[in-house]
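*Asks:* The primary structure of each chain is shown beneath.
6 protein chains.
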Amino acid sequence: MISVTRKSHFNAAHRLNNPKWSDKKNEEFFGLCNNENYHGHNYELDVTVSGEIDEESGYLVDMKELSDIIESEIESRFDHKNLNLDTEEFRELNPTAENIAIVIWNILREKIPKKFQLSIKLYETPRNFVEYSG
Amino acid sequence: MISVTRKSHFNAAHRLNNPKWSDKKNEEFFGLCNNENYHGHNYELDVTVSGEIDEESGYLVDMKELSDIIESEIESRFDHKNLNLDTEEFRELNPTAENIAIVIWNILREKIPKKFQLSIKLYETPRNFVEYSG
Amino acid sequence: MISVTRKSHFNAAHRLNNPKWSDKKNEEFFGLCNNENYHGHNYELDVTVSGEIDEESGYLVDMKELSDIIESEIESRFDHKNLNLDTEEFRELNPTAENIAIVIWNILREKIPKKFQLSIKLYETPRNFVEYSG
Amino acid sequence: MISVTRKSHFNAAHRLNNPKWSDKKNEEFFGLCNNENYHGHNYELDVTVSGEIDEESGYLVDMKELSDIIESEIESRFDHKNLNLDTEEFRELNPTAENIAIVIWNILREKIPKKFQLSIKLYETPRNFVEYSG
Amino acid sequence: MISVTRKSHFNAAHRLNNPKWSDKKNEEFFGLCNNENYHGHNYELDVTVSGEIDEESGYLVDMKELSDIIESEIESRFDHKNLNLDTEEFRELNPTAENIAIVIWNILREKIPKKFQLSIKLYETPRNFVEYSG
Amino acid sequence: MISVTRKSHFNAAHRLNNPKWSDKKNEEFFGLCNNENYHGHNYELDVTVSGEIDEESGYLVDMKELSDIIESEIESRFDHKNLNLDTEEFRELNPTAENIAIVIWNILREKIPKKFQLSIKLYETPRNFVEYSG
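Residue numbers (my numbering), protein chains in the order written: chain A, 1 to 134; chain B, 1 to 134; chain C, 1 to 134; chain D, 1 to 134; chain E, 1 to 134; chain F, 1 to 134.
Pairs of lysine to aspartate or glutamate residues, derived as EDC-like cross-links and limited to a Cα-Cα distance of at most 20 Å, are as follows:
id, chain 1, residue 1, chain 2, residue 2
1, F, K121, B, D62
2, A, K121, A, E89
3, D, K25, A, E56
4, A, K64, E, D79
5, C, K20, D, E56
6, A, K64, E, E71
7, C, K115, C, E55
8, D, K24, A, D62
9, B, K121, B, E89
These aren't lab readings, by the way, just hints derived from the structure by calculation.
Just chain A, with the same shape it has in the complex (with noise of 0.2 Å):
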């Protein structure tokens, strides 16, 4: 049993908000992140594949293709994007970090194959982060 972790990134806006809650419920509960104009962050993602290595090649996998995977499913669907507006996943589900953790690790799960564990660590800031492992 072995981990890799490849790093990637992308830019976003969000807002927080529960479209079941009232406007005065999500502007205490949320505060600033509830800005009805939007507010962004660099989300930096690590993405760890673990299980058994590879005999033959010494990879547990090619890291061209996580890294691959990585951007056309993940990158390119939320980089320089509205979480709220602009993504299906996040037309109803509030984008806290974890609900985004929780949508990547989803969306890199159908496409990792079985046979390895898959691990989610989100950074919204460098000052906080949000782990997931299904």
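Go by the hints and put chains B, C, D, E and F onto chain A.
*Replies:* Just chains B, C, D, E and F now, kept in the frame of chain A:
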């Protein structure tokens, strides 16, 4: 002549757009950064003040005072804001990293005693930054 | 099961010394860290809370609340202090990085709801750190 | 149960190549990493030791001793070396980051007391790393 | 006058050696860096361009264009190469960090418009770097 | 003209205090930093040497020699020390980051050949630093 630098940060949404250009030209020139729904960044800001040390205190400036100025003048103005919509400074001015750095420098220049030189370093992402010294 | 981590920091002096040992043994065992006049560190602290996401808010915990707990319970207690002289916790206990991590974990464990797991990562320098999960 | 981690580093050249494969297959599979003239990396290594704290000293392990083991067993062996040509370990074994991590773990496992668990984190670049715990 | 900086990177093998010196002198002077089988580094490169902001776009330079120049002129030339064997630039010239920085500056100077000043910062390791401005 | 920089570090305790001021004034002015029992920092030091490259070696200076000077002159003097109590330099002089940087520069200036320019960057914490060039 000695310099002290204080790091701070704010998270904001923005969109690059020149209102005097056609939509087509803006889209071609600014690419993804022109997204009409905005994207965002964690801006990391280094403020550098230079001058002569005060021999009595051993300080160039009181870092707490410098930190308070940055918080009240820059962080509270730009943090968790949409630069294009929520701020006076960028209602007309295109919020490129270059223009944000110049705006920040001009704001701080008013608040930092004239006997000191002032320089700004603004990271738009961990991979690119702007420097401005007036 | 998801985890969120918040980074914080405090600057403190300390000295490694076991009062039950002779001065000679303390000096031989702890070397430079035994300096009777103290030395110090910028302690960087990662606090990780794990549990089930709150579906309504999309938060695991409110980062602002977590941040406030860390500030009032840890930073205000240890920042700009001499751990050996100024704190109850290390009057008898040797302030190794390991013991500081355990003390911090015990303090925070009282303040973080029991339904959450708690982990601590404490950097004594950028080159060595301790992890503790109870 | 507590963990301490020590960071260290070594700079080395390597080439990814499976001698049982044809040159063509190696080139196709490993791409630029197969360059017959080698390329290189600054490997950054985190060594994590876990176990029970020694109540008398307040240490899990003496960081100086751990640091000396890493220097004598890993840095002196691999630093400023060509992994394929200059080291016994990779004369037959393909020096992928995964295999280097496993080799380092096996070397250190012999030198770290059995009562401790051992984990390795090896950065091949600032953007990708491998973790191995035996 | 404003500056923008773009970070990039390449991984390469090299060996420090002055072909006009005896093997003995090279070994004594360059020590481990003279290893005839090469060692390597992750070179991290900051390219800084300075000049007058373009008032219409709000850019000093288009970061995408700058990034493309760095990729086509520097990364594709040096990444995953043996500097001594695979590159014209260092067939005769000793690939010290200083000389690599000067070579990179000279290459980029040809490609960056003359109205801009150009500076280079080249990290050979996270602990040492070279700066060159022509 | 080219510059090379070497990073190093030392951990020390200190207290900010002007012995010519009253206790009350010191406490008001320096706040937490005036704690009579000291606090401490991991000081991270960048030493930059600038001048003309030696064409024969391709070095500006031998990094190993520079590193040895920093270790013998700065690290061994200040590491794991109480700056106020254990060092000649700060027995009378208030050990602000500014004064520490000036003292380090003056010590190194004596040891670095006169043909080179010398600059110092001293991080007191990861969030603030001082620069001094004489």
